[in-house]
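S.K.: Chain by chain, the residues run as shown.
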Amino acid sequence: MKDPLVIAGEEIESRLFTGTGKFANHNEMHEAIEQSHSQVVTVAIRRVDLTGSGKHIVSDIPKKVTLMPNTSGARTAEEAVRIARLGKASGMGSWVKIEVISDQKYLLPDNEETIKATKALVEEGFVVLPYMSPDLMAAKRMEEAGAAAIMPLGSPIGSNRGIRLKEMIRIMIDEIHVPIVVDAGIGRPSEAAEAMEMGADAVLVNTAIATADDPVAMAKAFDMAVRAGRLAYRTGLEPSSIQAKASSPLTGFLTPTGGGDQ
Amino acid sequence: MSFYNVYEKLKDQPFHTWFNEVTTTDVEKVLRKDRLTESDYLTLLSPAAEGYIEEMAQKAHRVTLQHFGYTMQLFLPLYVSDYCVNTCKYCSFSVDNVFPRRRLTMEEVEEEAQAIAAMGIEQIIILSGESRIHSSVDYLTKILKVLKKYFSSVGLEVQPMDREDYEKLVGSGIDALTVFQETYDENIYRALHTKGPKRFYNYRLDTPERGCQAGMRSVTIGALLGLNDWRKESYIAGLHGHYLQDKYLETEIGMSFPRVQPNAGSFQPEVHVTDKNMVQAMLAFRLFLPRAGIIVSTRETPQLRDQLIPLGVTKMSASSSTEVGGYAQPEETQSQFEISDERSVEEIRQLLHKKGYQPVMKDWQIV
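Here the protein sequences line up with chains A and B, keeping their order. Residues 1 to 262 in full-length UniProt numbering are what the first sequence spells out, letter by letter. Residues 1 to 367 in full-length UniProt numbering are what the second sequence spells out, letter by letter.
Among the clues, some could well be false.
As the list claims (entries may be wrong) - Distance condition first, Cα-Cα at most 27 angstroms in a straight line; then the derived DSS-like pairs of lysine-lysine: (1) 148(B) / 88(A); (2) 355(B) / 220(A); (3) 105(A) / 247(B); (4) 105(A) / 59(B); (5) 166(A) / 355(B); (6) 33(B) / 105(A); (7) 145(B) / 88(A); (8) 105(A) / 145(B); (9) 195(B) / 11(B); (10) 9(B) / 105(A); (11) 220(A) / 354(B); (12) 116(A) / 247(B); (13) 105(A) / 354(B); (14) 59(B) / 88(A).
Rather than coming from a laboratory, the hints here were simulated on the basis of the structure.
Kindly generate the complete structure, drawing on both the sequences and the hints.
M.R.: Spelled out as structure tokens, the structure:
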């Protein structure tokens, strides 16, 4: 059953995106990414040696994945744009996850600045995936600006509190036409499965894998959970209770082939 | 509004009584909480909380992992000048101490930068004695031009300046500011700083706030432990961090817990702050402000620094020299204070790996 996620024309088999922050070392990160089967991996441009000298994080990311550099550290749209350009100039490709966080206390994204950065970077030809606080109108503006997918947070980054903003995300899933990737807050595989069952197109998990006692095993667990959640969603989990055909129809008698009055 | 308004309300409060009234039940209650109030913070700094240091450590470790992961940023201080116009009784750079002073030329700055970059360090802090003439904005801007070629982040720990000066420096690429209040007790402060512009308590107290207003990405504060009751100092320093974090959401607030070290004068600390005391201060702060940075310098011994790694620390200096020109030509001048951990950057990297931590050499790019 082929069920690829398509972002900017690219087919992605795994709906689990992973991050590269917070790991104890690069070997562990490499192995966890491998075991997650993730094909999209985000990396903070601010932590990458852009001069190309010395061994840095990018060389430890499995080669077959799509690298999605992020602009973490940016506190304004202008900074995000400059960071994204730096990443591209250093050969990191044209995908970029926009992160504009001007609040250092909770690390919540600044939607207004994120919309500005989305506009500017789409114009420059980037494939833009903005990370945002789930808000329908802000997401619509990002979509209008040309975002390739929208990445709302489930709960504050690193909080492991799960999908606390479920209702908002559900509305976005219904109303936004580009893929929705739930990013931040997912602390357990069951929560990743929950996001997928809700109809999210993908999830991004970092802290829960990187800071687990066994990140490699946890990466596997998330891979399985995301697949399970997606399969359940495709099978028609919620709609089935209302729309699916019952095995013993109650109104079959009204159709010509039904048993009804004949 | 300035943090002085907060301090004013606190300065004559019965801290001693407050701390001694805390019971073990109070401590246990605080340890069950997710978010701490100011009085919860005070509870964790009390003598009663000394019996719960292990519980505090476990929790601090978990909270830090959650927010920062298994990472540790490494940085180095670069001393550019030891000219100073102040008379701090506890500091070797005090104008009262007679020794040949110097400041680096741009060629020397470049040599130092090359020596530091060769160690693999990408984040540095420019330090100097406090002198508006010898470490002027103009001089610092010139230094920055040289350093930008070698480092991804450059911070400042020099004399306090006006907001306009900080704005100029931020404009040229300085992204971090460190300024220690030394002691938050106004009377002790005046007694320790007998001459020079540092005597103005309020100007120094408002310096971190001017840094935030000028757009510094990170601002680190702290009290020099040993000059006064450490519980009280830690409490007020923590409230200062809280005040800044609430008011300037865009700035990353950091805290350091330096203790008075041997220096060229004959100053003896007023209060002996034990390792246990410092650890308690650090843990209480971590639980109070889970998202703040905690910085540990090479003032501490290797044995202690090793143990501090999992307790909430996010940033460590490594292989520091506290002499002007100390990297390219070691041991030629007066150091600001004696460092205790002389291990190389490579040794610290190995140590971090062994402890299950990833050394982070770069965490920002001057853009």
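S.K.: Give a verdict on every hint.
M.R.: Verification of the hints:
1. 148(B) / 88(A): Holds, because 21 angstroms separates the two Cα atoms, which is no more than 27 angstroms.
2. 355(B) / 220(A): holds, 24 angstroms
3. 105(A) / 247(B): Within the cut-off at roughly 10 angstroms; holds.
4. 105(A) / 59(B): holds, 19 angstroms
5. 166(A) / 355(B): violated, 38 angstroms
6. 33(B) / 105(A): Roughly 18 angstroms separates the two Cα atoms, so the pair holds.
7. 145(B) / 88(A): Answer holds: residue 145(B) to residue 88(A) is near 25 angstroms, not above 27 angstroms.
8. 105(A) / 145(B): violated, 31 angstroms
9. 195(B) / 11(B): Holds, because 23 angstroms separates the two Cα atoms, which is no more than 27 angstroms.
10. 9(B) / 105(A): holds, 25 angstroms
11. 220(A) / 354(B): Judged against 27 angstroms, a Cα distance of about 25 angstroms means the pair holds.
12. 116(A) / 247(B): holds, 25 angstroms
13. 105(A) / 354(B): Answer violated: residue 105(A) to residue 354(B) is near 30 angstroms, above 27 angstroms.
14. 59(B) / 88(A): violated, 40 angstroms
Going down the numbered hints, you'll see the structure goes against 5, 8, 13 and 14, while the others check out.
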